[in-house]
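Enquirer: Working from the sequences, and respecting the hints, build out all of it.
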Amino acid sequence: MKLLKTLTAIAVMTLGSGLAQAQDKPAELKIGITTFISGAASVFGVPAKAAAELLIEEMNAKGGIGGVKVSATYIDEGIGGDKLLSEYRRLVQEQGVRTMLSAISSGNCNIVAPVAEDLKVLNVMWDCGTEKVLEDKRYKYVVRTQANATTEMVATVLYLLKTKPNFSTIAVVNQDYAWGRDSWEIFLNTLKAFKPDVKVVAEMFPKLGASDFSTEISRLQALRPDVILNTSWGGDLDTFVRQASQRGLFTQGATMVLPLAESSLERLGATMPEGVIVGGRGDHYFLHPETKDEPAHKDFVAKFRAKTGAYPIYPTYHMAQALVGLKTGYESAIKANGGKWPSSEQVADAMRKMEFKGYGRTVTMREDGQGLEAQLLGITKRVPQYPFAVMDKMMLVPADLVTTPVGQKSVAWVKTLKADVLKSDRLKSYDFK
Amino acid sequence: MSGYGLLSTRGLSLSFGGVVAADAIDFDLQPGERLAVVGQNGAGKTTFINICTGYLKPTSGTVLFDAVDITGHTPRAITRRGVGRSFQLPQVFTEHTVRECLMLAASSVKQKHGFFLPLAQAVDAHEVDATLDLLQLSARAHDLAGSLPEGQRKLLDVAMALVLRPKLMIMDEPTSGVSTDEKHGLMEVLMRALDERQVTSIFVEHDIDIVRRYATRLCAWIAGRIAADGAPEEVLRDPIVVKNVIGE
Amino acid sequence: MRLRLLIAVLAAAVLGLAFTFPWLKTPILLALANGLAVSGVIVLIRAGQVSFGNAMFACLAGYSAAFLARAWHLDALLLIALSCLFAALAGAVIGLFIVRYRGIFFGMLNLALSMVLFSVLGKFGGLTGGTDGLRFDRPTLGFVHLEREPFETALLVLALGLSIIAGWVVQRYFASVSGQALAAIKTNETRLEYLGISAKRVFWGGYVLAATLCGLGGSLFALTQGLVTPEMGYWVRSGELVFIAILGGSGHALGAFIGAFLFEFMKLYTAALLTGAWQLVMGLVLLVMVFVAPTGVFGMIERRLRPGRSA
Amino acid sequence: MNSSLFALALMDGVSYAALLFLVALGLTLIFGVMRILNIAHGSLYAWGGYFAATLGMGITHFGLSPLLGLPALFVAAIVIGVFLATVLEFALLRRILDKDPILQLLVTFAAFMVLEDLQRMIWGVQPVFVSDVVTQLGTLSVAGVTYTRYQLLVLPAVAVLAFFGLRWFLGRTALGRQVTAVTHHREVATAMGVNTGRVTWLTIAVGGALGALGGALASPTTSFTPGIGAEMMVLSFAVVATGGLGQIGGAALAALMIGLTRSFAVYLMPEVEVLVPYLIMVGVLLVRPEGLFSTAATRRI
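Chains as they are written, first to last, in the numbering used here: chain A, 1 to 433; chain B, 1001 to 1248; chain C, 2001 to 2311; chain D, 3001 to 3301.
Derived by calculation from the structure, the hints in this document are not laboratory data.
Check each hint, because a few of them may be wrong.
[To be verified] Taking lysine-lysine pairs in the BS3-like style, the calculated list, with each CA pair at most 27 Å apart, reads:
#1 Lys327/A with Lys353/A
#2 Lys1057/B with Lys2200/C
#3 Lys140/A with Lys409/A
#4 Lys162/A with Lys30/A
#5 Lys1183/B with Lys2186/C
#6 Lys409/A with Lys30/A
#7 Lys340/A with Lys327/A
#8 Lys292/A with Lys381/A
#9 Lys298/A with Lys327/A
#10 Lys140/A with Lys30/A
#11 Lys3099/D with Lys2186/C
#12 Lys292/A with Lys327/A
#13 Lys327/A with Lys162/A
#14 Lys409/A with Lys162/A
#15 Lys2200/C with Lys3099/D
#16 Lys2186/C with Lys1057/B
#17 Lys1110/B with Lys2200/C
#18 Lys415/A with Lys199/A
[What the hints assert, rightly or not] From chain D, some residues computed to sit far from chain A (all C-beta separations above 12 Å):
#19 Val3075
#20 Val3079
#21 Ser3131
#22 Glu3187
#23 Leu3253
#24 Ser3294
[Claimed, not checked] Estimated spans, in silico, between C-beta atoms of each pair:
#25 Arg426/A with Glu2147/C: 25 to 31 Å
#26 Arg3288/D with Glu2147/C: 52 to 58 Å
#27 Phe3090/D with Asp1195/B: 56 to 62 Å
#28 Arg3094/D with Glu203/A: 48 to 54 Å
No experiment lies behind these values; they were computed from the predicted model shown.
Glycine residues also receive a C-beta, built at the ideal position from the N, C-alpha and C atoms.
Expert: This is the structure in structure tokens:
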């Protein structure tokens, strides 16, 4: 009766965890965090997890959220969408978690959002980019504490046009999955709004986790486009940059646009050449021109380096935003609730009408649950202070300029963009200091 | 050329590499015969059997069974026409019991390959038991075929062919790998079985006594050809045979 | 017979647990879905063949269920039936040429085909939702609209019933003429031919049955999750199915389900207790099984049940 | 597609095929002697790459001469390859020779899973690479396209050397002949007094080293991340099956077919790129069920 033994064993193990409901102030606030611990995307997930541990510890030291200590359980997104879903359910149904921070992967956000709604748990999308999830369906329990793909891509186009107004051809090498395809769609539509006559000379979508881009690079070298876009990340991006620089693709005069490369700068070290346009999916950077000297930020960078030996990258900042956002949301909900502990919907509701500040500019939340987060881009530069490239000629793009208004669809909206956005005096530029 | 026998070949040739395994063999077997085949290893005995039962395809020539051209047919098709075969290395289902092996064979006669019809119900038990008795395997009926000693494996090998009710039974060295003192017992059982079922038979044999005792006709194979063919005694007296086959 | 009793007890235990601890429903459903797919794998193992691509049929069934659900909002029962049918058809077609192969080639060809499916599903995102897969809304079950909880309960009972039927079918098949001939493929195909039985046709039958069972598992999996992804067909998934078969024991359909449950809970608790060591644990368990108990857990139980004969 | 692009695709294809071939060669060699398809071979590739990268970092870290870069790759490959292969052989493979092929396959599958996680525990999840070697060797320009000497010359050269070296070893040397003997008929070889145990171990060591070498040589141009082993393993399977199990020449041809078709696909129809290896494999096996170079052996009955 081995099976029966196992089952009863589990039964006993789980007997304790009853259904911790909202309303009465709980002993601790259980939150579930999904992040990549295995798989290629763990280059984001693992640092983000480290940041979460760091920040939750700090938060609890300062009394937690509304006087309640926070305890986090982590789920590995690397196990695949379907397994993730059952883990997610287990956390909610078995351990009675009512607050989830999920997810990194856009695919996983699309998966968990409806389930969260169905299970009536608050789900904070803390890092995923897909704009569709909040544009296609109105959610009650789902919010996002950072920008979305549209904001990021439109800002990237603006920065490209600011730094290199005159070009006629572009080629793209994106990972072959939702993010790679969608980000290119938005980018191209936006670009066409400003430059209707731009010519796309090659669209290449090597598979996610590809280990060899030689052929793509040869093709790019033969085609010699003015601009090359690559929105990939992690190992794929590293490999591409390395193989490209080994083969002198960077020295051929094409402007390389790598909107996620902020997360690879330290890893790539000397391999990353100067003059490449890089971004970090938001306005966060350990050398953020406006916040790098704020004590809180400095403290975070120092602690994070002490813990992991590396500088924080954008996913760690997104994690920080999610946690600060959650705290702000809970506390305003508690206030609204006359000091009583709020229900998930009350918090979800409060999180739609609040402002909060992580380590970048203040993020404003909209009624559709989408956060308005400014965007920071720059051009790589070598400096003696760091063994890796840093961002120079940085530009901060306010989110409202480049984010689809509530109720509109990005694909349609970006086509309506007018060139005068480029002249906006709210686009602030900073050099590396 | 006379008319065709039960099994006939015309100009049957097969060569792989440089080796000529069958060299324009013309051969006729009449119903009721009990043909022994002698010849040294590599003389082409097994090759001949393999061609006749469809395991190998000849480079040229034809094989006829019951005056029907079966050249190059699959072993399956030829078996269905009524040619049973046993092997030098017994081919049994080592992970089935002796009885299951026979039942499986029996089931194929009826051509019932039901997905749900249990094997036991698909075959006629008497038939199976009769064959088991006939080849003195009843005692081992419920042992795994893989666990049988060589001699009984040989019997099972034959039994599986015999349960198909063949017109012709071709046995490749039925007594090889069996100790000399068991050989005669084995042959007795086999021959009784073949008589009772009135099956014409061909058997490859090295032991001259056995040939003398059981064969009605003898063919001597040399280098892919039938060097001598006739009544056992005269063939065994044939000097070429004495020189190349018996080797005295 | 004691085996029947055991099955009854286990089935009761499963239901009992599901009702006592609602959160267990999802894992139990997944285990049953896996068990069904694995009972298909066991059929192939009977013939001495192991496929490193059988998850493709689960994947195909899952996607067809998802398509049908999105296109016509069919009832869950219909979805299961149709997607199984589809898997069966796919198995029949692929089987036509794949039954010519044995051993490593059989395994590798299945793997290759499943990888083709996997890549195609990932590539043509417009149609298949790409690597993110397809979501579909909870369908009616027996033409009744159900909330998540009752839906899961109903689905669980249904899955349990289907599993018992499937197990019975498989065992019945093993005892049948075709089933016995299938087992003979493992030991002596030549003799099979010399009995006038077509090994290929027999194997084809087994392959189609295996595909159908995997399809059944896949459709239940899809209904449980309301989501299908190409991952369902990735070759490692097929590897897991074979792993489960060895863990549970390939001698009896029950082994498939025992294995599937052990697997599911191993997974749950490794994920929770030793995150990041899942493959390590799985690998070690597999090694132990192969060397210590090649007949799997069912093999051990069976020896208890009838001390006389050890298969 | 004009002739210069054709040339480019050709060169990309060849350098890709070179790596593929090295890995597949190891796999097919081991199969030849043990009749076991070693699924853990993919891990050897990954470990080779990671270990080479570690050595490379060591070189830069201790400020040793960068000229050591290239030799270091081979050292890494041989050390880790022989080490892992030996562990596998003594711990597992030699114990399963007489087991059911299914179980054999599963044992190596298990070994693969274990090695995958161990590798993640040792080298973590961050992409790992060291590319100094490539930068030193410099580049050369063909039809206005810059190639690294490393990819264009070194990789194919190593592959060709491995191919003929192995041919020579198996055909001309006494030890090689023993290996061939074991490949053809284990029992007979043993009867003839060949020390099968030693020969087997030798072959596995060589095969393992080749797998690791594939990884080591890939490490300067590729980021090593978890999962890269599984990736390469499925590919090398496709190569070996297409070429015919145990067929060295077959592996070479299959690797070229797959490498070239893939790179042409990137130019002509990028959508099918990922499918190429599998389509080729299925296509070939449909026509030649035993793969390109081997022929069906009729069972003695």
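Enquirer: Would you mind marking each hint as holding or not holding in the structure?
Expert: Evaluated hints:
1. Lys327/A with Lys353/A: Holds, because 14 Å separates the two Cα atoms, which is no more than 27 Å.
2. Lys1057/B with Lys2200/C: Holds, because 20 Å separates the two Cα atoms, which is no more than 27 Å.
3. Lys140/A with Lys409/A: holds, 19 Å
4. Lys162/A with Lys30/A: violated, 46 Å
5. Lys1183/B with Lys2186/C: Roughly 31 Å between the alpha carbons, so the hint for Lys1183/B and Lys2186/C is violated.
6. Lys409/A with Lys30/A: Given pair Lys409/A, Lys30/A is violated - Cα atoms ~35 Å apart, limit 27 Å.
7. Lys340/A with Lys327/A: holds, 15 Å
8. Lys292/A with Lys381/A: Holds, at roughly 18 Å.
9. Lys298/A with Lys327/A: holds, 21 Å
10. Lys140/A with Lys30/A: holds, 20 Å
11. Lys3099/D with Lys2186/C: It holds: about 14 Å lies between the C-alpha atoms, which stays within 27 Å.
12. Lys292/A with Lys327/A: holds, 23 Å
13. Lys327/A with Lys162/A: violated, 37 Å
14. Lys409/A with Lys162/A: Given pair Lys409/A, Lys162/A holds - Cα atoms ~25 Å apart, limit 27 Å.
15. Lys2200/C with Lys3099/D: holds, 25 Å
16. Lys2186/C with Lys1057/B: Satisfied, since the Cα-Cα distance of roughly 25 Å is no more than 27 Å.
17. Lys1110/B with Lys2200/C: holds, 19 Å
18. Lys415/A with Lys199/A: holds, 17 Å
19. Val3075: Fine: 22 Å to the nearest Cβ keeps Val3075/D off the interface.
20. Val3079: Val3079/D is indeed farther than 12 Å from all Cβ atoms of chain A, at 22 Å.
21. Ser3131: violated, 5 Å
22. Glu3187: holds, 41 Å
23. Leu3253: Check passes; 20 Å lies beyond 12 Å.
24. Ser3294: Consistent with the label, Ser3294/D stays out of reach of chain A, its closest Cβ about 29 Å off (over 12 Å).
25. Arg426/A with Glu2147/C: 25 to 31 Å: Roughly 48 Å apart at Cβ, these two residues miss the hinted range, so it is violated.
26. Arg3288/D with Glu2147/C: 52 to 58 Å: Because 56 Å falls inside the window, the suggested range holds.
27. Phe3090/D with Asp1195/B: 56 to 62 Å: holds, 59 Å
28. Arg3094/D with Glu203/A: 48 to 54 Å: At roughly 51 Å between Cβ atoms, Glu203/A and Arg3094/D fall inside 48 to 54 Å, so the hint holds.
Violation of the numbered hints given earlier is confined to hints 4, 5, 6, 13, 21, 25; the remaining hints are satisfied by the structure.
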